[in-house]
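Take 1 as the starting number for the sequence shown in our numbering and just add one per residue.
Don't take every hint at face value.
Unchecked claim - Here are the simulated distance ranges between beta carbons:
{"id": "1", "residue 1": "Phe156", "residue 2": "Asp69", "range": "53 to 59 Å"}
{"id": "2", "residue 1": "Leu239", "residue 2": "Arg280", "range": "34 to 40 Å"}
{"id": "3", "residue 1": "Pro347", "residue 2": "Pro146", "range": "47 to 53 Å"}
{"id": "4", "residue 1": "Asp124", "residue 2": "Gly41", "range": "51 to 57 Å"}
{"id": "5", "residue 1": "Arg116", "residue 2": "Arg215", "range": "33 to 39 Å"}
{"id": "6", "residue 1": "Glu39", "residue 2": "Ser143", "range": "38 to 44 Å"}
{"id": "7", "residue 1": "Arg219", "residue 2": "Lys243", "range": "40 to 46 Å"}
{"id": "8", "residue 1": "Ser21", "residue 2": "His363", "range": "50 to 56 Å"}
{"id": "9", "residue 1": "Glu242", "residue 2": "Ala201", "range": "26 to 32 Å"}
To be verified - Okay, derived cross-link-like pairs now, DSS-like style, lysine-lysine, Cα gap no bigger than 25 Å in a straight line:
{"id": "10", "residue 1": "Lys138", "residue 2": "Lys123"}
{"id": "11", "residue 1": "Lys88", "residue 2": "Lys138"}
{"id": "12", "residue 1": "Lys211", "residue 2": "Lys138"}
{"id": "13", "residue 1": "Lys211", "residue 2": "Lys123"}
By construction, these hints were calculated from the structure, which means they are not laboratory data.
Ideal placement from N, C-alpha and C gives every residue a C-beta, glycine not left out.
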Amino acid sequence: MPVEFLGIGGTNDGSETTPRSGPSFDKQYTLRLARAHQEYGWDRVLFAYGSGAPDPAQVAAYVASRVEDLRILLAHRPNVSYPTYALKTFATLDQISDGRLTVHFITGGNDHEQGREGDRLTKDDRYARTREYIRIVKRGWTSREPFDHEGAHYSFRDFVSDVFPVQQPRPQVSFGGSSPAAYAAGGAEADVYCLWGEPLAETAQQIEAVKEAARAAGRTDVPRIQVAFRPIIAPTEELAWEKAYRILGDLRQAGANPRRRPAGPPQNAGSQRLLEVAARGERHDRALWTPTAAATGGAGNSTALVGTPETVARALLDYYDLGVEILSARGYAILDDAVDFGRHVIPLVRAEVARRDAARADHDAA
């Protein structure tokens with residue numbers, strides 16, 4: 001089974017522990033970070049979406065036109081665009097990047113954040129809208145003839161695009177979520193299903209839920225699984241844990257600022273699950289550490305893997321053994337941690353996967 005590594009296509013040097021030193025979109029830093037990911041063995045970077053953040057599609061186009069080979073995961077919220085317009089944006093970006101695009105559709109797990117851009121739908125209605133949106137995008141990517149659509153959220157007549165993706169039949173679709181509504185929508189439509197880092201047992205349960213949803217939708221295949229972590233590595237276990245507690249202190253200090261603290265308990269199931277895991281204990285399995293999630297209110301990708309590169313690599317392989325093909329990782333010193341992880345962890349994981357593949361091939365040939 002192949003393994004891929006996903007990093008972050010950040011637009012500035014800020015993180016949960018460090019205020020940014022320049023503008024929200026620092027072009028030089030953005031390019032340095034992307035090139036570092038490419039140089040140190042990452043496969044792809046995510047260009048994330050936030051209501052007040054730089055437009056990730058334009059940032060992705062900027063990077064794709066200047067960095068060869070590095071693949072792109074573009075986050076997109078259906079509430080900000082009509083699907084016929086969005087599918088042309090995606091197809092154009094796939095042309096600019098010579099076929100390196102995957103689109104990650106975000107339904108939205110926080111009513112306040114969604115409302116910042118005028119989205120007033122309920123959570124279940126948002127999932128229904130996302131599913132309809134993805135279907136329109138897929139059809140528009142592949143249809144050479146005009147088509148009509150009449151749905152609960154979108155209606156149009158006689159649409160056909162004049163720009164098509166390089167990838168055939170289409171770019172891949174990525175999706176995430178930890179609620180039954182998310183499993184149903186993503187299980188039906190996604191090529192890649194994204195989860196946040198939970199203990200191995202809970203991750204296995206979520207993977208099975210996604211597979212069941214795919215089967216219920218009549219699929220003969222299942223989405224590939226991606227899991228995200230915040231690695232904290234150092235040359236020794238002692239140094240790694242010292243580093244982890246320094247980061248935790250910074251997170252707690254940042255969380256004391258009301259402007260940076262989540263407003264109330266999380267509404268989305270993924271964050272709720274992370275906080276439930278954190279409430280059960282700080283350490284799980286080989287290297288999973290939850291206080292970083294507790295300190296941020298379970299905000300997004302927030303559970304850590306702590307240890308030496310060897311320990312963290314083995315922990316990632318534990319998830320690989322569950323069927324996780326895409327390992328997403330992002331540190332707190334974004335650029336430096338991307339370099340360190342790429343230099344010290346990625347080669348260990350790839351070498352072990354290659355060893356297993358070779359052993360399997362030898363066994364099959366015997």
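Hint by hint, here is what the structure shows:
| no. | hint | result |
| --- | --- | --- |
| 1 | Phe156 / Asp69: 53 to 59 Å | 37 Å, violated |
| 2 | Leu239 / Arg280: 34 to 40 Å | 27 Å, violated |
| 3 | Pro347 / Pro146: 47 to 53 Å | 50 Å, holds |
| 4 | Asp124 / Gly41: 51 to 57 Å | 40 Å, violated |
| 5 | Arg116 / Arg215: 33 to 39 Å | 37 Å, holds |
| 6 | Glu39 / Ser143: 38 to 44 Å | 39 Å, holds |
| 7 | Arg219 / Lys243: 40 to 46 Å | 43 Å, holds |
| 8 | Ser21 / His363: 50 to 56 Å | 53 Å, holds |
| 9 | Glu242 / Ala201: 26 to 32 Å | 29 Å, holds |
| 10 | Lys138 / Lys123 | 23 Å, holds |
| 11 | Lys88 / Lys138 | 11 Å, holds |
| 12 | Lys211 / Lys138 | 21 Å, holds |
| 13 | Lys211 / Lys123 | 22 Å, holds |
Violated hints, listed in ascending order, are 1, 2, 4; each of the other numbered hints is respected by the structure.
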